[in-house]
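These protein sequences, in sequence, are chains A and B.
If you're matching positions, the first sequence starts at 1 in the working numbering and goes up one per residue.
If you're matching positions, the second sequence starts at 1001 in the working numbering and goes up one per residue.
Derived by calculation from the structure, the hints in this document are not laboratory data.
Because the structure is a prediction, the values reported are computed rather than measured.
Any given hint could be a false lead.
As a list, the in silico BS3-like pairs of lysine-lysine whose alpha-carbon atoms are at most 27 Å apart [said to hold, decoys possible]:
hint: 1; chain 1: A; residue 1: Lys183; chain 2: B; residue 2: Lys1130
hint: 2; chain 1: A; residue 1: Lys199; chain 2: A; residue 2: Lys187
hint: 3; chain 1: A; residue 1: Lys136; chain 2: B; residue 2: Lys1130
hint: 4; chain 1: A; residue 1: Lys92; chain 2: A; residue 2: Lys113
hint: 5; chain 1: A; residue 1: Lys133; chain 2: B; residue 2: Lys1128
hint: 6; chain 1: B; residue 1: Lys1143; chain 2: A; residue 2: Lys92
hint: 7; chain 1: A; residue 1: Lys199; chain 2: A; residue 2: Lys158
hint: 8; chain 1: A; residue 1: Lys116; chain 2: B; residue 2: Lys1143
hint: 9; chain 1: A; residue 1: Lys354; chain 2: A; residue 2: Lys113
hint: 10; chain 1: A; residue 1: Lys201; chain 2: A; residue 2: Lys183
hint: 11; chain 1: A; residue 1: Lys201; chain 2: A; residue 2: Lys265
hint: 12; chain 1: B; residue 1: Lys1130; chain 2: A; residue 2: Lys133
hint: 13; chain 1: A; residue 1: Lys163; chain 2: A; residue 2: Lys199
hint: 14; chain 1: A; residue 1: Lys201; chain 2: B; residue 2: Lys1128
hint: 15; chain 1: A; residue 1: Lys26; chain 2: A; residue 2: Lys65
hint: 16; chain 1: A; residue 1: Lys183; chain 2: B; residue 2: Lys1128
hint: 17; chain 1: B; residue 1: Lys1143; chain 2: A; residue 2: Lys90
hint: 18; chain 1: A; residue 1: Lys354; chain 2: B; residue 2: Lys1143
hint: 19; chain 1: A; residue 1: Lys92; chain 2: A; residue 2: Lys133
hint: 20; chain 1: A; residue 1: Lys199; chain 2: B; residue 2: Lys1128
hint: 21; chain 1: A; residue 1: Lys294; chain 2: A; residue 2: Lys58
Covered, in the sense of this in silico footprint (three residues per stretch, anywhere, with C-beta under 8 Å from a C-beta of chain A), are these stretches of chain B [stated by the list, open to error]:
hint: 22; segment: 1123-1137
hint: 23; segment: 1204-1211
hint: 24; segment: 1216-1226
Built from N, CA and C at the ideal position, the CB exists for glycine as well.
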Amino acid sequence: MKYSAMLVAAGVLSAGTAFAQQGPIKIGVLYPLTGGGAVYGVPAMAGHQLAIEELNAKGGILGRKIESIERDDKLNPAAASSTMKELITKDKVDIVLGGLASSVGLAMSEVSKQEKVVYISTIPKSIQITTDKLHKYVFRTSANTDQEGDTMAMLAGKNKLSKICHLELDYAYGNDLEVGILKALPKYAPDAKVVLTLKPKLGATDFNPFIPQVMAAGCDGVLSGLWGPHFVSWVKQAAPLGFFSKIKWISGGEIGSHEIAGELKAEYPDNVISNTYELWYHGNDPSHKEFQAKLAKKLNTQETPQWAVLGYIGVMYAAAAMEKAKSTDPDKVAEALEGLSIGTPVGKLTIDAKTHQANIGQFWGPMVKKPDRAYRMMEPAEYIQPK
Amino acid sequence: MPSYRQLIASAIVVLLLALLPLAGSRYAIDLTTEVLIYALFALSLNVLIGFTGNISFGHAAYFAIGGYACAILLTTYGWPLALALPAAVVLAGLVAAVVGYFCVRLTQIYFAMLTLAFAMLVWGVAFKWKEVTGGDDGFTGIKMPAMISHHIGYFYFTLITVAAGIAALWVICHSAFGLTLVAIRENSVRAGFIGVDTRHMRWAAFTVAGTFGGLAGALFGMYHRGMYIENAFWTESANVLIMVLLGGIYSFIGPIIGAAVLHLLQTFTNQYTPYWPTVLGLILLVIVMVLPDGLIGLARRVRGRGGRP
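Input sequences plus hints: build the corresponding full structure.
What follows is the structure, given as structure tokens:
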């Protein structure tokens, strides 16, 4: 009797799993869709959706359709943590992607550790995610502050800067990037000295107290982590003073992206060398053209934003890992992601088996005027990939 | 003492909640845990608002202090929960006592502004003191005792703690002290004339509110296995204020209802649209224009109208 009961139970259970196999694969994703982060989160979500549409058109993953469950992370780690738990416990997602702020990335990583569900951090750069707080289920497909700092130090050496002014925003990303730069500076520019370090606040709009200090410090170059609106404000306030005519501005924070060039247009200053994850007008991989064309169609603009590619790569990695693992089991997917290489619109990427960090590079180059364009473009754009 | 009916009703509610894990839905358990924590948080604020008539715009400060302190003591210093939790609650209470000492010298809008200022100070400390609090990366990876690290275990732990907290607040609010607070709310000048040291009483109320806010914060941090500076920000203070207003400030259980309704509404809204702030704005509009006594006030009005000829 007991045996038959167990057999029935086993039958019901296996029927249950067989039934589950028929359902779609669920991918949960969080990006900031409202408020200040939406400028980045909305394009990233578009890239995410593009990848899902492409995969579904080809029959999905493991022959199952993909269902994307999309939520706003509100740039708030506690809200993201609750929402991610909900995706896991209520919607039963197989994997979670996304995040933008470092704190949100760390909060999501914590939930992933607790719930034993794979989380791919697609934008957060905090180095902690792949160092101190690393665990089995977390992976990163964006750059991190060590990689970015390393390249900035290299560019400081290449441009023969001797007296450096260092500008970082006073919060996690700025502080981590500073550490990354200072770690690498002796290697690439042993003679360079940091003569001034200034840390404006995150969200600052008035840089008038800082600009004269930098101009008086006598530095020949600035290493900066002022991203997006901070850079725009700095330019508007500093350029009229002739700031950029004497000083080379080497910057992380993706101010070489078309979004910033398009916003500043003719106001974009000389002497800026910066980075971007992707450029709509320049690729380093044959597949980029096709990706960009699809994205342009989806967003209804030729000049597509760089953030989309990060959302796209996250989904492609999730899909590749499940195909490799032939399963959606988090343990197997996590194992599959270790050392996994895939082709992406920015070339072949590999996730390091130990650090769980993808060797994604960025385009770096000077922003130059173009006679036929209202905005500057990065030329030559060099794709620098970490070793 | 509460009436028999009230005691029995509370016991039934706690018992029903205790049976929730039998339903087997992990999601329902998590959601209820969150609601319980917010209920205690809102209730602690109402000691100040509903009972004493002082509106605080900085209640998140004590929530954050409780949460951070408990997290840091458990994780960085490896204290057992039995020590870390009380220590965190006491610390939140102490900070509330210090802040309250200054705040109760003022009334009305000046009082509210000063509470906001102190709360932003707490936020600033959490942000700047990176070595200890993790700065804006947040403090993640809280070490939990094995007994409550499972979600059902944590649910029961929260249920017991919150129930005890609510019971304690009930006793405090319905004691002579609580009635004195109501007297101050109704007419602080007259209360002073009959011999009440209103400033001391308001100070005590401020401390009680901060202490229980700290308890809610500690529970919140452990639930999320992390504390973040956003938890100390003024938006969090505003959120709990809206919970209290929505439920109704002139009733003991009002804030509990408000916390549950607002949190569940937010959770369900987010499943359909990211535009929760719009919904929140509408709710606030309705409270201010039509429901000054909150949902409890509405229920009373409906019942009152039905009873009248």
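Holds or violated: Lys201/A to Lys1128/B, with C-alpha atoms at most 27 Å apart: Roughly 11 Å separates the two Cα atoms, so the pair holds.
Pair hint outcome, Lys199/A versus Lys187/A [Cα-Cα no greater than 27 Å]: Distance of about 24 Å is within 27 Å: holds.
Does Lys92/A pair with Lys133/A here, judged by a C-alpha cut-off of 27 Å? holds (25 Å)
Assess, step by step, whether the Cα of Lys294/A is no farther than 27 Å from the Cα of Lys58/A, and give holds or violated. holds (15 Å)
27 Å limit on alpha-carbon distance, applied to hinted pair Lys92/A and Lys113/A: It holds: about 16 Å lies between the C-alpha atoms, which stays within 27 Å.
Can the restraint linking Lys133/A and Lys1128/B be considered satisfied, given a maximum Cα separation of 27 Å? It holds: about 20 Å lies between the C-alpha atoms, which stays within 27 Å.
Hint check: Lys1143/B vs Lys90/A, CA-CA at most 27 Å. Holds or violated? holds (25 Å)
Run the distance test for Lys354/A versus Lys113/A: straight-line Cα separation, threshold 27 Å. holds (16 Å)
Per the coverage rule (Cβ-Cβ under 8 Å, at least three residues), is the segment 1204-1211 of chain B covered by chain A? With 0 residues close enough to chain A, the hint is violated.
Going straight from one Cα to the other, do Lys201/A and Lys265/A come out at no more than 27 Å? holds (25 Å)
Starting from Lys1130/B, check that the Cα of Lys133/A is at most 27 Å away, please. holds (16 Å)
Holds or violated: Lys183/A with Lys1128/B, Cα cutoff 27 Å? holds (22 Å)
Hint 23 from the earlier list is the only one contradicted by this structure; the remaining hints agree with it.
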